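A.B. asks: Take a look at the letters that make up each chain.
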Amino acid sequence: MLRFVAKRVLGLIVILFCVITITFFLVRLMPGGPFDRERKLPGHIEKQLLAKYKLDGPLSEQYINYLGDLLHGDLRLSTKYRSRSVNEILADSLPVSGLLGGIAFCAATLGGVFLGSLAAAKQHTWIDRNAMLAALFAISLPPFVIGPLLVLIFAIYIPLLPVGGWGNLQSLILPSITLAAPYTAYIARLTRASMLEVLTQDYIRTARAKGLSENAVIYKHALRVAILPVVSFLGPLAANLLTGSIVVESIFSIPGAGGFFVNSVLNRDGFLLAGVVIVYCTLLVFFNLVVDVLYGFLDRRITLYD
Amino acid sequence: MASWIAASRCMTDPRSPWVKLRRNPAAIVSTLILVVVALAAIFGPSLLPAGAGEVTRDSFLPPSDQHPFGTDLNGRDLLYRVLLGARISMLVGIAGALVSFVVGIIYGMVAGYVGGQADSVMMRLVDVLYAIPRLIFLLILISALDPLLRRSMETHGLQVLVGYSKIIILILCLGLTEWLTMARIVRGQILSLKSQQFVLAARSIGQSHFNIIFQHLFPNLLGVALVYLTLTVPAVILDESFISFLGVGVQAPLASWGLLLSDAAQVINPLKGYWWLLVFPAIAMSLTLLALNFLGDGLRDALDPRQRR
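Heads up: the protein sequence lines correspond to chains A and B, in order. Under our numbering, think of the first position of the first sequence as 1289, with each following residue one higher. Under our numbering, think of the first position of the second sequence as 170, with each following residue one higher.
Don't read these hints as lab results, they were simulated from the structure. You may find that some hints are simply not true.
[Said to hold, decoys possible] On the chain B side, residues computed to face chain A include the following (Cβ under 7 Å):
1) V297
2) L304
3) L308
4) S312
5) A434
6) Q435
7) V436
8) L447
[What the hints assert, rightly or not] To spell it out: a stretch of chain B is covered by chain A in this simulated footprint if at least three of its residues, at any positions, have a beta carbon under 8 Å from a beta carbon of chain A; those stretches are:
9) 390 to 399
10) 406 to 416
11) 419 to 433
The structure presented is a predicted model; accordingly, all values stated were derived computationally and were not measured. Backbone N, C-alpha and C fix where the C-beta goes; we use that ideal spot for every residue, glycine too.
Model the full structure from these sequences, guided by the hints.
C.D. replies: Here it is in structure tokens:
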């Protein structure tokens, strides 16, 4: 177990290194620099700017220096939001995205698993058909349709909830629903398919033959195995949701981190871009590790020693 | 003659995928919807009165006889815009999915067939690419390649195409970021296929690797790959709308569903409920995506050997 975790942490470092290297050089390959404006800057000012943001000197040297700064936990200064460091920007925005994403994550997981098992248990009934139809709808509707539609209905025609903003509980509801809807649907479909497969197995017949109630069979015996494919989807899901979504954040004017994924590329803000990529990648690999460990607990047939 | 008989038997054999698909009402309805959307996208814009796509002073007119879907901020007829959007969104979706199909299949086949060290290096690369947020990867690709393509078009005397360079770039970039899952699926299929006896037989009569891959392995994985291709089309359409929503994709006067929805999201606020700007593009897009997903599900049920009973 410990060896397994150690090996995976080592793998994390290798992947992080590759990803940092790729983003560092990709940003330099893009045409246009962070200080390009309509009017060209005078030579000496541009030189000073480049020096201040440590963008001068040969590329290989810059790269080595950047890796050194990263090892000290310094993500450097943002070239767009002058005088703010990437560390500060992320410290301000990530908790916001994390809270919203955490709520959406719980809602999507619990709702999806429940709906999926319900649909599988009631296969060929109207409950199953309607739940799966709704799920396909939620997958096919992009968040920028669901979001404004919810705003139109629950904030404009029936003024129950705020249109957007951040700071109170009510303003969390619509964005969480928008964020969670497609994932809830995806998890429901995954759970249903896997549950249907599990319900044909022998140990389920044994459980039924023992005279267990249908609920106990499904939610205690079958779900434990049927949930495995869902669990392996939860790793990437958590990384995605916790780092925020630009669409949901722009529709509901939420000061989260999702926007930086897009704007840092458009502004050629290389260090901010590298910062969000590092955070995303670390979360992704970390949650995948958690998922693998969870797998071992849920399914005793899997051992984590290799 | 013989092949015709074989084909007709295939169309009536109850175990054949086509019969299974035809018995699936959702798949049939979806196909009909897709045909209607495709016809509307191809012929619709030219059937409308001339000048429907022009900028006029009648902005934000609600739906009426003259403008069945209303008009947008610049007074353009929304029906025309939605049809134009259908054209571009469908084109980008299908072509982008095809690009990802070709790249994914070749990559997966090579990795699975060669195996060993090459396979593990190639799959680690896929892992690393998975770990970069796809949106960032896409944006970097688009902003790196777009000026390049535009410049090379201008220097090679292809000025006619310059207006469409964004669409070509979108197709390429979306295809180049969507192939990872396809590569994994194809590699898995090849790994299980290549240990089977027909491959051994082909090798023992001295067939080249190229022949084994394309004549023996490729037809066997085509079913699964086609199912995934059908499911990639809606994913690419969704991605394109995402990119256009962020303002990096298709630009006016061209239109895609994502761009129309982005325009709608910008003008919807508590004071002015211009609902038609949101509702009509949303219906068009969701109906298409729903139909594609239903068709993909139906195809999977019909073709996927794992589900065959």
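A.B. asks: Could you run down the list of hints and mark each one as holding or not?
C.D. replies: To see whether the hints hold, each was checked on the structure:
Hint status for V297 of chain B: holds, given a least beta-carbon distance of 5 Å to chain A, under 7 Å. At about 6 Å, the closest approach between the beta carbon of L304 of chain B and any beta carbon in chain A falls short of 7 Å, and the interface hint on this residue holds. Because the closest C-beta pair between L308 of chain B and chain A is about 4 Å apart, less than 7 Å, the hint holds. At its closest, the beta carbon of S312 of chain B sits 5 Å from a beta carbon of chain A; the interface hint therefore holds under the 7 Å criterion.
The interface hint given for A434 of chain B holds, since its Cβ lies 5 Å from the closest Cβ of chain A, which is under the 7 Å cut-off. Against a cut-off of 7 Å between C-beta atoms, the interface hint on Q435 of chain B is violated, since the closest Cβ of chain A lies about 10 Å away. The criterion of a C-beta within 7 Å of any C-beta in chain A is not met by V436 of chain B, whose closest approach is roughly 10 Å, and the hint is violated. The criterion of a C-beta within 7 Å of any C-beta in chain A is met by L447 of chain B, whose closest approach is roughly 5 Å, and the hint holds.
Counting residues of the region 390 to 399 of chain B whose C-beta sits closer than 8 Å to any C-beta of chain A gives 0, which falls short of three, so the coverage hint is violated. Using a Cβ-Cβ cut-off of 8 Å, 5 residues of the region 406 to 416 of chain B lie near chain A, which meets the minimum of three, so the contact claim holds. Figure legend: the region 419 to 433 of chain B, annotated as covered by chain A; annotation consistent (4 residues with Cβ-Cβ distances under 8 Å, at least 3 required).
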